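Novice: Sequence:
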Amino acid sequence: MFSKSILGIQLLSLYIPLVFINSYMIANKYSFREFILAFEKIIFFTAIFSVVGVFIYTFAPQIVPRLITYTNKHTTHKTAIFFNILVSEGLPLKRNSGIAWEPGVYQLLINIALYTYYFIKNEKKSVFVVIFYAFIILTTLSTVGLLILGIIFVRIMIDNKKIMTVSLYGLAFFSPVLYEVIEYQIRNKLVGSSSFSQRFIPFMNGMNVMFKYPFGLGNFKFIEYFEVILPPWDAIAQMVARYGVYFLIFYLAAFIINNEKRLGLIVIFVLTFFSQNIWLFPMTIPFIFLNNQKLTKTSTKLDVQQDSNLLNHKIQEVAS
Numbered sequence: 518m519f520s521k522s523i524l525g526i527q528l529l530s531l532y533i534p535l536v537f538i539n540s541y542m543i544a545n546k547y548s549f550r551e552f553i554l555a556f557e558k559i560i561f562f563t564a565i566f567s568v569v570g571v572f573i574y575t576f577a578p579q580i581v582p583r584l585i586t587y588t589n590k591h592t593t594h595k596t597a598i599f600f601n602i603l604v605s606e607g608l609p610l611k612r613n614s615g616i617a618w619e620p621g622v623y624q625l626l627i628n629i630a631l632y633t634y635y636f637i638k639n640e641k642k643s644v645f646v647v648i649f650y651a652f653i654i655l656t657t658l659s660t661v662g663l664l665i666l667g668i669i670f671v672r673i674m675i676d677n678k679k680i681m682t683v684s685l686y687g688l689a690f691f692s693p694v695l696y697e698v699i700e701y702q703i704r705n706k707l708v709g710s711s712s713f714s715q716r717f718i719p720f721m722n723g724m725n726v727m728f729k730y731p732f733g734l735g736n737f738k739f740i741e742y743f744e745v746i747l748p749p750w751d752a753i754a755q756m757v758a759r760y761g762v763y764f765l766i767f768y769l770a771a772f773i774i775n776n777e778k779r780l781g782l783i784v785i786f787v788l789t790f791f792s793q794n795i796w797l798f799p800m801t802i803p804f805i806f807l808n809n810q811k812l813t814k815t816s817t818k819l820d821v822q823q824d825s826n827l828l829n830h831k832i833q834e835v836a837s
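If you're matching positions, the sequence shown starts at 518 in the working numbering and goes up one per residue.
It is possible that some hints are incorrect.
What the hints assert, rightly or not - List of simulated lysine-lysine pairs, DSS-like, C-alpha gap at most 27 angstroms:
no. : residue 1 : residue 2
1   : K778      : K642
2   : K611      : K638
3   : K546      : K638
4   : K638      : K678
5   : K546      : K558
6   : K638      : K729
7   : K679      : K558
8   : K641      : K778
9   : K641      : K558
10  : K558      : K738
11  : K558      : K638
12  : K642      : K558
13  : K678      : K641
14  : K642      : K678
15  : K611      : K642
16  : K611      : K678
17  : K546      : K778
18  : K778      : K678
19  : K558      : K729
20  : K679      : K641
Stated by the list, open to error - Now the in silico label distances, taken between C-beta atoms and shown as ranges:
no. : residue 1 : residue 2 : range
21  : Y532      : F713      : 27 to 37 angstroms
22  : N589      : R672      : 26 to 36 angstroms
23  : M721      : K679      : 37 to 47 angstroms
No lab work stands behind these hints, which were simulated from the structure alone.
Since we're looking at a predicted model, the values are computed, not measured.
Every residue gets a Cβ at the ideal spot worked out from N, C-alpha and C, and that includes glycine.
Using the sequences and the hints, build the whole thing.
Specialist: Next up, the structure:
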């Protein structure tokens with residue numbers, strides 16, 4: 518038992534620098550724009566498959582037991598490769614996890630894709646695609662995901678009157694369903710609920726470690742310390758408990774400085790940091806390194822080439 522625990526810690530200690538190195542290599546190979554546009558295409562494709570999962574656990578739950586079973590720490594999942602369904606006591610949870618291991622993580626991917634599609638992608642915006650992304654986020658029933666969606670949608674509706682009109686009609690038509698979603702969030706997620714306590718107590722456990730050990734526990738002591746009490750589920754408390762408040766400051770500063778012109782992405786990630794342990798998520802780390810440097814270099818080369826061609830054209834005109 519001890520050897521397995523030590524092996525797991527050693528693998529984690531190896532995994533952490535590998536994720537950072539891999540992310541740095543990605544940032545050197547691709548510009549931010551190249552990376553984020555490719556990401557949006559992939560997530561849109563997988564979101565279509567997640568609808569199949571929603572249909573199955575809503576209308577044909579008898580199919581769920583036939584799917585492949587796997588466990589991830591304390592949770593059990595049924596999977597069809599392109600979508601996962603969380604299972605509790607043998608019954609499927611009616612929340613969309615998509616390709617992620619948890620609905621709260623999946624909302625992060627979809628919200629980033631929605632933000633990318635509307636605010637970064639240079640093409641005519643489709644109302645259908647925007648509404649589709651919003652629908653997928655709603656099916657996650659993630660409190661943070663819905664909050665982020667609300668922030669993004671307010672900005673979209675200010676910018677696009679057509680989407681605002683469609684959204685208002687949709688709110689009116691689906692108001693009974695939306696009422697159930699809001700009522701569910703208030704009853705099961707907010708202060709006083711068991712779900713809130715299950716997250717708040719581990720968060721405070723991580724904060725208490727910060728006050729006792731400002732430089733953090735490190736991986737080995739972290740595992741030992743949290744064998745008897747609940748470890749934090751969120752990224753903020755995880756970082757301060759493992760590596761101290763100074764690492765948290767460095768991590769957030771690097772993330773925010775590198776994305777200072779992308780306020781929407783900062784909001785999406787930081788809010789999710791408070792609910793999900795995604796600080797080492799391979800989708801998160803690249804944003805510490807990704808910026809517009811490669812894109813700027815490419816643009817500069819194109820500008821120089823265009824200027825050179827224009828100059829040659831002028832010389833030919835004068836010569837003739």
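Novice: Now tell me, hint by hint, if it's right for this structure.
Specialist: Taking the hints in turn, this is what the structure says about them:
1. K778 <-> K642: holds (22 angstroms)
2. K611 <-> K638: violated (32 angstroms)
3. K546 <-> K638: holds (20 angstroms)
4. K638 <-> K678: holds (19 angstroms)
5. K546 <-> K558: The given pair, whose Cα atoms are some 19 angstroms apart, holds under the 27 angstroms limit.
6. K638 <-> K729: violated (46 angstroms)
7. K679 <-> K558: holds (24 angstroms)
8. K641 <-> K778: holds (22 angstroms)
9. K641 <-> K558: Holds, at about 15 angstroms.
10. K558 <-> K738: Answer violated: K558 to K738 is near 41 angstroms, above 27 angstroms.
11. K558 <-> K638: Holds: K558 and K638 sit about 11 angstroms apart, inside 27 angstroms.
12. K642 <-> K558: Holds, at about 14 angstroms.
13. K678 <-> K641: holds (14 angstroms)
14. K642 <-> K678: Measuring from Cα to Cα gives roughly 12 angstroms; hence the hint holds.
15. K611 <-> K642: violated (30 angstroms)
16. K611 <-> K678: Roughly 33 angstroms separates the two Cα atoms, so the pair is violated.
17. K546 <-> K778: Holds. K546 to K778 sits at ~21 angstroms (cutoff 27 angstroms).
18. K778 <-> K678: holds (25 angstroms)
19. K558 <-> K729: violated (45 angstroms)
20. K679 <-> K641: holds (13 angstroms)
21. Y532 <-> F713: 27 to 37 angstroms: Taking Cβ atoms as reference, Y532 and F713 lie about 31 angstroms apart, which means the hint holds.
22. N589 <-> R672: 26 to 36 angstroms: holds (34 angstroms)
23. M721 <-> K679: 37 to 47 angstroms: holds (46 angstroms)
The structure is inconsistent with the numbered hints 2, 6, 10, 15, 16 and 19, although it conforms to all the rest.
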